[in-house]
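Asker: We have chain A already, so just place chains B and C on it with the hints.
Residue numbers (the numbering used here), protein chains in the order written: chain A, -19 to 329; chain B, -19 to 329; chain C, -19 to 329.
Do not rely on the hints blindly, as some may be mistaken.
Any copy will do: because identical chains look the same in the list, a pair fits if it lies in one copy or spans two.
[What the hints assert, rightly or not] Calculated pairs, DSS-like style, for lysine-lysine (alpha carbon to alpha carbon, straight line, at most 25 Å):
no., residue 1, residue 2
1, K71, K28
2, K28, K323
3, K303, K182
4, K30, K71
5, K28, K317
6, K30, K323
7, K248, K28
Hints were generated in silico from the structure; no laboratory data involved.
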Amino acid sequence: MTEISIRLGELVDRFGGQLLGSADCAIVGIAPLGDAHERQISFLSNSKLKAQVETTRACAIIITEAEHASLNAPRVDNFIITANPYVYFAKLAQYFYTLNAIRPETGIHPSAWVSPRAVLAASATIGPHVSIEADCVIGEGVHLEAGVALGRGVQIGAYSHLYANVSVYQDCVLGERTIVHSGAVIGADGFGFANEKGSWLKIPQTGRVVIGNDVEIGANTSIDRGALADTIIEDGVKLDNQIQIGHNCHIGAHTAMAGCVGVAGSAKIGRYCTFGGAAMILGHLTIADHVHISSGSMVSRSILEAGQYTGFYPLAKNADWEKTAAIVRNLGSMREKLKQLEKIVKAKS
Amino acid sequence: MTEISIRLGELVDRFGGQLLGSADCAIVGIAPLGDAHERQISFLSNSKLKAQVETTRACAIIITEAEHASLNAPRVDNFIITANPYVYFAKLAQYFYTLNAIRPETGIHPSAWVSPRAVLAASATIGPHVSIEADCVIGEGVHLEAGVALGRGVQIGAYSHLYANVSVYQDCVLGERTIVHSGAVIGADGFGFANEKGSWLKIPQTGRVVIGNDVEIGANTSIDRGALADTIIEDGVKLDNQIQIGHNCHIGAHTAMAGCVGVAGSAKIGRYCTFGGAAMILGHLTIADHVHISSGSMVSRSILEAGQYTGFYPLAKNADWEKTAAIVRNLGSMREKLKQLEKIVKAKS
Amino acid sequence: MTEISIRLGELVDRFGGQLLGSADCAIVGIAPLGDAHERQISFLSNSKLKAQVETTRACAIIITEAEHASLNAPRVDNFIITANPYVYFAKLAQYFYTLNAIRPETGIHPSAWVSPRAVLAASATIGPHVSIEADCVIGEGVHLEAGVALGRGVQIGAYSHLYANVSVYQDCVLGERTIVHSGAVIGADGFGFANEKGSWLKIPQTGRVVIGNDVEIGANTSIDRGALADTIIEDGVKLDNQIQIGHNCHIGAHTAMAGCVGVAGSAKIGRYCTFGGAAMILGHLTIADHVHISSGSMVSRSILEAGQYTGFYPLAKNADWEKTAAIVRNLGSMREKLKQLEKIVKAKS
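Here chain A stands alone, though its shape is the one from the complex (with noise of 0.2 Å):
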């Protein structure tokens, strides 16, 4: 595989920021200041690594006008100064990542088996084993990787990535580029049931899941279909792996979840939040925007001022944990003496 490099002086046209130094330097890739080479561009987004500058072997570094002026010695000649090069990296990364990718073939797998009455745009990839059932539509260079499995009438936008063995249910809406990654399913029966003398009815579930565009779907994540109402990711969401969200929640732009997190149906959870591992939320709750949950943290109520928001038993030593768990099972009776203790001493006052 040859390398593909690119001049200095492109990328700041295509990706912004000033240039100082060569616009002539020729860059195959981005790495870490203590790990690229002399063709490759790295990025200071981290004061602490501060001291890196002056010992990579990388041909350029992207850094902040702040940071830049107060550099030493630098050994680099050539800078792209912008407000923020985690974000400068990323673009970057993205930009190399597909000039390098191997594109995969268009067009549908001998393998694959597609209704008739499905429509597919002739731009996409249908992978091997992949089955695509009726009413089925599926926009411009899409890629449904080996085993995904469509039901009736699911839409999925242009330049969407599902990866091996995702499921998707009949019915559900799919935005544009959005990734759902391997053993994911999306639009399964939520979990509604009357209870008729102790054993459970099932209540058919006839909503949707829709999802917007530019969202992430983690391996192995679950979104329940709505009951009767559809269950709504916005777009610019993103979810980690092993994630469980109930039906007829709603979840609001650019929230992002990681791993583990669970959100129990009818939640409405705003735009700008961020869920830690683990996080659990229950059903029928709102969530205000830009709220942030620690990872373990369990919401049992609703949350409608922004800020952060933290609930988990602190970690000991088990000897340590043995004992204050003692007490907290009988912090009423400690309470109590407290209580008695003031008392008295009161009375004497």
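Answerer: Chains B and C only, in chain A's frame:
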């Protein structure tokens, strides 16, 4: 698609209840009070929605006798009086869902692979890319969707429905009318190892998973096979998504578990229990019938008495949590101070 | 199926231990003391079961020297004396399991799709609807079950077994004798984004997952590929079901994790650790060798000292929990009262 309608009188003949009003009004479906149109029936299962009874456009309402007696000036003329309108709703919703469902073609899809030594009912529907190993027995009306993989000797009871990409390991048994959602794995090896000088020796897992009738298993849920004896899921159990059931567990009839619950090996769980999302149950415990575990709770001991149990750290603003968590870590010294204070005060009394 | 038997003397030749009794007794399998029949061997690994040694029908018992010396009137004449009967049991159980296993036919199932540019050992078994992309290398005796999907350039070491519907992304490497259960996903993109004015820019994940020898990975577990460097799972690691391993994690040899554990990105976990079910480990932490984390515990800081650590809220009846949780929320004011009381009391002393 032309809508299929049914007379109100016919509904009452099928599903019971006392009819008030015209038996002839034609119904095409069921919807909540606020959404229903003139050819739909609705229901009042939540007193808070009572005001909607006076504004709904539904042609009939399912209601309790007491609620009906207390109505002022209902806009509607037709009522079905029943003790539990929500259960009645579930039955009608199922009825209309089935009425309007597109029935899959029976038979074996040409892309499926079925061992010549498997036995399939003629009324079964085997989807694309399904694989069925030797000695499997597939009942009447079973529906296996795309990519379902059945190991050797699996039995699937009549009218069960396995969605796309479900995996069932050898010798497991599923009852009748069982629903298994995409990505679920039935019968993988339990987590059984002997420790020899630090490294782990695998103990072969030779039991099965045996699942009763009318069970529903959610997307990406895993139920491990037993080590020697079987893992048992009794009739009517409902498991949501992302659940883990360890080897040799026994789950009693009509118990329901919400998403992300984990049950470690050899737990024996009673009937008619409920587990909130992400509840976690340690191994070798016994849980009585009619136990209800709140979401996010860790069950670390057996529970032999029915009731509701809870154990999760309360959520707070992060700064407040930082303070209380620091105190929790030092509860021992706080208790010590309290004891010393008690001594001093009592000595003076 | 005719049972295959082995002489007791031959077992001792293969697996060690000291034989007491007849070398000629013929054994067809191994079972617990209470279940074993006359042609099976059993074992005493738990002193609580000692009474069963006098009633078991097993033809021989694996036992420690000390336990054997303290027997009164065993019904059995034949013993294998060994330091760790449970380990001996595991080895015999494996032996009999393999003896009786139905070997799959080697070769490529006609419904599988294998790139002409993949390299497969002739002794590999490739199941129905498997797909293997270009540049994959599949070792001797590998078994890929139905619907397994391997991306470009995947390497699977000899005698590894991937169950149905496992997905492995491009360039990932699995060692020898590795077992991966259904629904597991190896090598999906890590959760890496740069935030640009609220929305998330994807950072391409170009590292791999590299898995050692004798690793077992549970059903529906996900292991993400590294961002730039690799995610590493060392030899002998055992991961249960529903586990999430974030990008760039490094898990030391012979560490075991029970179901539903989550490990955030870039955590460095030592060797010989154990993690109870649903334990959660934050990103960028370091965990020393021989650390044991209790179930349901949240690890929010590095642990540099071996030992057992715990952190979960103790379970209680819901009403009791309501009380203690309210006190926990107000521990700050309780501590304040205690301080004031101390001041008053001490001022008077």
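Asker: Each hint should be assessed against the structure and marked as holding or not.
Answerer: Evaluation of the provided hints:
{"no.": "1", "hint": "K71 with K28", "verdict": "within (22 Å within a copy, 52 Å between copies)"}
{"no.": "2", "hint": "K28 with K323", "verdict": "neither (55 Å within a copy, 45 Å between copies)"}
{"no.": "3", "hint": "K303 with K182", "verdict": "neither (45 Å within a copy, 36 Å between copies)"}
{"no.": "4", "hint": "K30 with K71", "verdict": "within (21 Å within a copy, 55 Å between copies)"}
{"no.": "5", "hint": "K28 with K317", "verdict": "neither (50 Å within a copy, 43 Å between copies)"}
{"no.": "6", "hint": "K30 with K323", "verdict": "neither (60 Å within a copy, 50 Å between copies)"}
{"no.": "7", "hint": "K248 with K28", "verdict": "between (39 Å within a copy, 20 Å between copies)"}
Checked against the numbered hints above, the structure violates hints 2, 3, 5 and 6; every other hint is satisfied.
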